[in-house]
Amino acid sequence: MSSVASRSSAAGYGQGVRAAVAVAATVWFFGASFGLVARAAGMGVAAPLVLSATTFAGSAQFALTSILADSGGAVAAIAAAVLLNARYAPISISVASLFHGRRLRRLAESQLIVDESWALSSRGDGRFDRRLLIGAGLLLYAAWLSGTAVGVFAGKALGDPKALGLDGAFPALFLALLVPQLRTRTATVAALLGGAIALVLIPLAPPGVPIVVASAACLLGLRRGEDDG
Amino acid sequence: MSTVWVVVLVVGVATVALKATGPVLLGDRTLPEPVARVVALLAPVLLAALVVTQTVGGDNELVLDARLAGVGAGAAAIAVRAPLPAVVIVAAAATALVRLVA
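Here the protein sequences come in this chain order: E and L. Start counting the first sequence at 1; every next residue gets the next number (my numbering). Start counting the second sequence at 1; every next residue gets the next number (my numbering).
The following block holds chain E by itself, in its conformation from the complex:
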């Protein structure tokens, strides 16, 4: 069992890192645009860098920055960002078994979990590859932090990531990683249900909530799967 797992993780490593390079370039541009926006919003130089180093999650960082820029207040900014990042509770539970050793080490390594590293490390059968998660996470962390630094100091020299279409690249990436997951009817039904819940809730709930509520669709796993043998 363990030799099978390590063989397939070794085989997937190079492929995953190559995939992560294209994603890291996209993440870098978003990091740079975050640095630029945060500086323009009056957050200074150090605060955006500390935020990127600790939070390492684009949507929450952009949300709190725009709320602060609109003088929306600390409570609103914190609430929006924490709601947006609440998905990391179920996401981190899905990969919990990849983390070993002392609590402090697990705490440190878990900070490499981000949507893209998590998605890239998926092996398509509900299981995940530790080396892909850590490898992609390190590359993406470096891209996000260095992008933020460039954006804070020299962001105006860069293009707009939206003009480059980079915001359309992320959902396509997640779709590409979703398709191999749909091996069983239960997984397909759960994914459709999760997507539908998110779609219905987008206009009704604050950003972040739709994904968290959608994760309830995985409770379909409590039914005895007739096709999951």
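Careful, some of the hints might be misleading.
Within a straight-line C-alpha distance of at most 20 Å, the following computed EDC-like cross-link-like pairs (lysine to aspartate or glutamate) qualify [unchecked claim]:
1. E/Lys162 with L/Glu61
2. E/Lys162 with L/Asp65
3. E/Lys162 with L/Asp59
Hints were generated in silico from the structure; no laboratory data involved. No experiment lies behind these values; they were computed from the predicted model shown.
For chain E, the structure is supplied; the task is to place chain L on it using the hints.
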């Protein structure tokens, strides 16, 4: 302490804790069989929710814009079994093109 720093530190600590939830509280202990089946479905469910929110998600509203074209082009690339980096690049190019024209 300024408002900015309060927000940065609270959100930073909260996010560190959220990302540590599974690895620190559960670690590599073996989950009971029904719970393991639920956890195994987290990946397809969360990926599907991410596809939806990143394609049409706005600030409390559905937004139909060039991202749809990007995901459509990405789906076509996936259908012809293009490698992952190609899917990402095709999707970005289609999004940028439609945004340029529209």
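Going through the hints against the structure:
1. E/Lys162 with L/Glu61: Distance of about 19 Å is within 20 Å: holds.
2. E/Lys162 with L/Asp65: holds, 11 Å
3. E/Lys162 with L/Asp59: Measuring from Cα to Cα gives roughly 16 Å; hence the hint holds.
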